[in-house]
Amino acid sequence: MADIVLDKVSKKYPDGTVAVRDVDLEIADGEFVILVGPSGCGKSTILNMIAGLEDISSGDLRIDGERVNDKAPRDRDIAMVFQSYALYPNMTVRENMAFPLRLAKLDKATIDEKVNDAAKVLELTALLDRKPANLSGGQRQRVAMGRAIVRNPKAFLMDEPLSNLDAKLRVQMRTVVSRLQRRLGTTTVYVTHDQTEAMTLGDRVVIVRAGAIQQVGEPQQLYDHPANLFVAGFIGSPSMNFLHASVADGRLRTALGDLPIGSRVRGLLSDAPENLIIGIRPEHFEDAALVDEAARAKGTEFEAPVELVESMGSDKYVYFTVEGERATSAELEELAADAGASDLPTGGGANLVTRLSAESAVKEGENWRVWVNLEKIHLFDPSNGRNLTLHEGRAAGVTAE
Amino acid sequence: MKLRWGLLDAVVVVFALLPVLWIVSLSFKTTATLTDGNLIPREWTLENYRTIFQTDQFVRALVNSIGIALISTTIAVVLGTMAAYAVARLDFPGKGALVGVSLLIAMFPQVSLVSPLFDIERQLGIFDTWLGLILPYITFSLPLAIYTLSAFFKQIPWDLEKAAKMDGATQAQAFRKVIAPLAAPGVFTSAILVFIFCWNDFLFAISLTSTERSRTVPAALSFFTGASQFEDPTGAISAAAVVITIPIILFVLFFQRRIVAGLTSGAVKG
Ligand SMILES: Nc1ncnc2c1ncn2[C@@H]1O[C@H](COP(=O)(O)OP(=O)(O)OP(=O)(O)O)[C@@H](O)[C@H]1O
Ligand SMILES: [Mg+2]
Numbered sequence: 001m002a003d004i005v006l007d008k009v010s011k012k013y014p015d016g017t018v019a020v021r022d023v024d025l026e027i028a029d030g031e032f033v034i035l036v037g038p039s040g041c042g043k044s045t046i047l048n049m050i051a052g053l054e055d056i057s058s059g060d061l062r063i064d065g066e067r068v069n070d071k072a073p074r075d076r077d078i079a080m081v082f083q084s085y086a087l088y089p090n091m092t093v094r095e096n097m098a099f100p101l102r103l104a105k106l107d108k109a110t111i112d113e114k115v116n117d118a119a120k121v122l123e124l125t126a127l128l129d130r131k132p133a134n135l136s137g138g139q140r141q142r143v144a145m146g147r148a149i150v151r152n153p154k155a156f157l158m159d160e161p162l163s164n165l166d167a168k169l170r171v172q173m174r175t176v177v178s179r180l181q182r183r184l185g186t187t188t189v190y191v192t193h194d195q196t197e198a199m200t201l202g203d204r205v206v207i208v209r210a211g212a213i214q215q216v217g218e219p220q221q222l223y224d225h226p227a228n229l230f231v232a233g234f235i236g237s238p239s240m241n242f243l244h245a246s247v248a249d250g251r252l253r254t255a256l257g258d259l260p261i262g263s264r265v266r267g268l269l270s271d272a273p274e275n276l277i278i279g280i281r282p283e284h285f286e287d288a289a290l291v292d293e294a295a296r297a298k299g300t301e302f303e304a305p306v307e308l309v310e311s312m313g314s315d316k317y318v319y320f321t322v323e324g325e326r327a328t329s330a331e332l333e334e335l336a337a338d339a340g341a342s343d344l345p346t347g348g349g350a351n352l353v354t355r356l357s358a359e360s361a362v363k364e365g366e367n368w369r370v371w372v373n374l375e376k377i378h379l380f381d382p383s384n385g386r387n388l389t390l391h392e393g394r395a396a397g398v399t400a401e
Numbered sequence: 001m002k003l004r005w006g007l008l009d010a011v012v013v014v015f016a017l018l019p020v021l022w023i024v025s026l027s028f029k030t031t032a033t034l035t036d037g038n039l040i041p042r043e044w045t046l047e048n049y050r051t052i053f054q055t056d057q058f059v060r061a062l063v064n065s066i067g068i069a070l071i072s073t074t075i076a077v078v079l080g081t082m083a084a085y086a087v088a089r090l091d092f093p094g095k096g097a098l099v100g101v102s103l104l105i106a107m108f109p110q111v112s113l114v115s116p117l118f119d120i121e122r123q124l125g126i127f128d129t130w131l132g133l134i135l136p137y138i139t140f141s142l143p144l145a146i147y148t149l150s151a152f153f154k155q156i157p158w159d160l161e162k163a164a165k166m167d168g169a170t171q172a173q174a175f176r177k178v179i180a181p182l183a184a185p186g187v188f189t190s191a192i193l194v195f196i197f198c199w200n201d202f203l204f205a206i207s208l209t210s211t212e213r214s215r216t217v218p219a220a221l222s223f224f225t226g227a228s229q230f231e232d233p234t235g236a237i238s239a240a241a242v243v244i245t246i247p248i249i250l251f252v253l254f255f256q257r258r259i260v261a262g263l264t265s266g267a268v269k270g
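Chains as they are written, first to last, in full-length UniProt numbering: chain F, 1 to 401; chain X, 1 to 270.
Just so you know, the hints here were simulated from the structure itself, not pulled from any lab data.
Positions of the beta carbon are idealized from the N, C-alpha and C atoms, including for glycine.
Don't take every hint at face value.
What the hints assert, rightly or not - Derived contacts from chain F toward chain X, CB cut-off under 8 Å, selection only:
{"id": "1", "residue": "A51"}
{"id": "2", "residue": "I56"}
{"id": "3", "residue": "R74"}
{"id": "4", "residue": "I78"}
{"id": "5", "residue": "A79"}
{"id": "6", "residue": "P89"}
{"id": "7", "residue": "F99"}
{"id": "8", "residue": "L103"}
{"id": "9", "residue": "A104"}
{"id": "10", "residue": "L106"}
{"id": "11", "residue": "R147"}
{"id": "12", "residue": "Y317"}
{"id": "13", "residue": "Y319"}
Kindly produce the complete structure, drawing on both the sequences and the hints.
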């Protein structure tokens, strides 16, 4: 077990692509860290550099305090689980799992014991003499995990290990992975672009975009206090609503009406651009009729036509279209492209996704009064994506004094 | 429908096999009955086989054939494996050109190279030596080897090599224990193809040799005489032809499963 430190690590591929730039990251001993980001942002490259499968162009990588930039993968004592599982097709499950132990020149009895133990943990005992070709996807995945855990490495690296499984199995395996990591207490770096995995699995989540770290933090912290537009839009499902806003007469002019701003944000706005973006999560809306007096003061109300109601039983997802400009920025376009939504027709105006209480009597096609919590609204600078409501790492809404 | 296909198959098989059967039949006939036109010999004899193995000419040619074909195959497959590994694995400048040129060589009409090669080999003093045949065989079989092998290597998932390295293997161990077993069927396939090419060649064998020193069987056949100068050598030639066909048939039968396994090894993918 060991801690892993990346110190200004960059990667430039021979063809000139800079896949990773100046990444600083400290992973504590025993920690479960998730790297998440859109496709092509450099997650696998970071992982491969930690593994030693890719050279580090500049910067230092330290494992257990020791600089390992120039060490071969086999001298780093790290195990890796690949997206393709990479099981050796010519070997049985037992031989696959014994392979790292055989290379480490352990004696036969020890190898058998370790393989059997790992197989028991992963419920592979009955499959030990099969070839990988005769296993199901989930079983192959478990063999790949088994091969990684047999030799008690200093750390596990996993590159989208669950992405080849179907949705149901993925949920099951997620708990297997998580339990296994808790039990072994081995430092783990896990790459995914599934944000549910990111939110549920790790102790900390690292959000990567275009080769640079955007924010590192516990899942809840990233959700509540996103450092920038990209993180705000990436974390959360359905994702945060973004609307265009401009400052006029000391208030924020938006499609939801003019919103008051507190002194803290006002102080920041003196040198901020005229055009801004506000971000509101779906759960920070509520049916105005259901908001009590005390809460009402913390927010503001607006009226908009209801486009669609999806009842989930526990709550209702209600879609509105509001008049006004749509928010635009490079980050938002990238997020839309990653979600595959860049060319969905959006019609005029901006779309809002809200999550209202199940008791709401909201009806499709009618105009409805909706309340929004001002203490939870984020304000972003579209030129650099920075979250203007963030103060000492905490977001406090636009009305904070 | 099935019947018609069966019939068609039978026609094709008979068409292809008749000349072979005829030669086999000739090889078992006595000199007297050679020209009787019967497919099944009226008098069976092993005399022809005895004759060819007694003549130094044939045995010597057989040794040449085996030696030259084996050496050429080994070298071509080893070089081809390395080149194909590079073509499949690495991105290097001139990769397209390499593949293109090797295709070009494979397409080149060999006949047009025979007289220049003759002159060159005379100058270099390798005319009528094993080396004089091995070199052109390698030249013309290497593209074939590179081609089949690189198609093969491209199907091997390279994550396996990375996984082996992570599991603690050196580069050499990763190749030996993980990649080589998967590549073996491909190497077998191309070795067989190359061997058959060298074994069957007549053009170079006849043009670049002048004595028994390096003449291979296909070339030597045309110089055959019977047991004595004045005997009709047809029986002996047929027997020799049968003898040199046997290794090929054995090869193909024996490795057939391997070849097929090789050609479908894409199935290894998880
Ligand atoms: N061998 C290479 N040579 C040149 N560029 C590369 C190479 N490998 C990756 N890249 C580039 O580096 C960037 C990061 O790639 P990487 O594989 O790390 O992305 P990723 O975040 O893992 O994406 P995904 O989620 O799709 O796996 C991409 O733009 C990619 O095109
Ligand atoms: Mg990747």
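Output the indices of the hints that this structure fails to meet, ascending. 2, 10, 12 and 13
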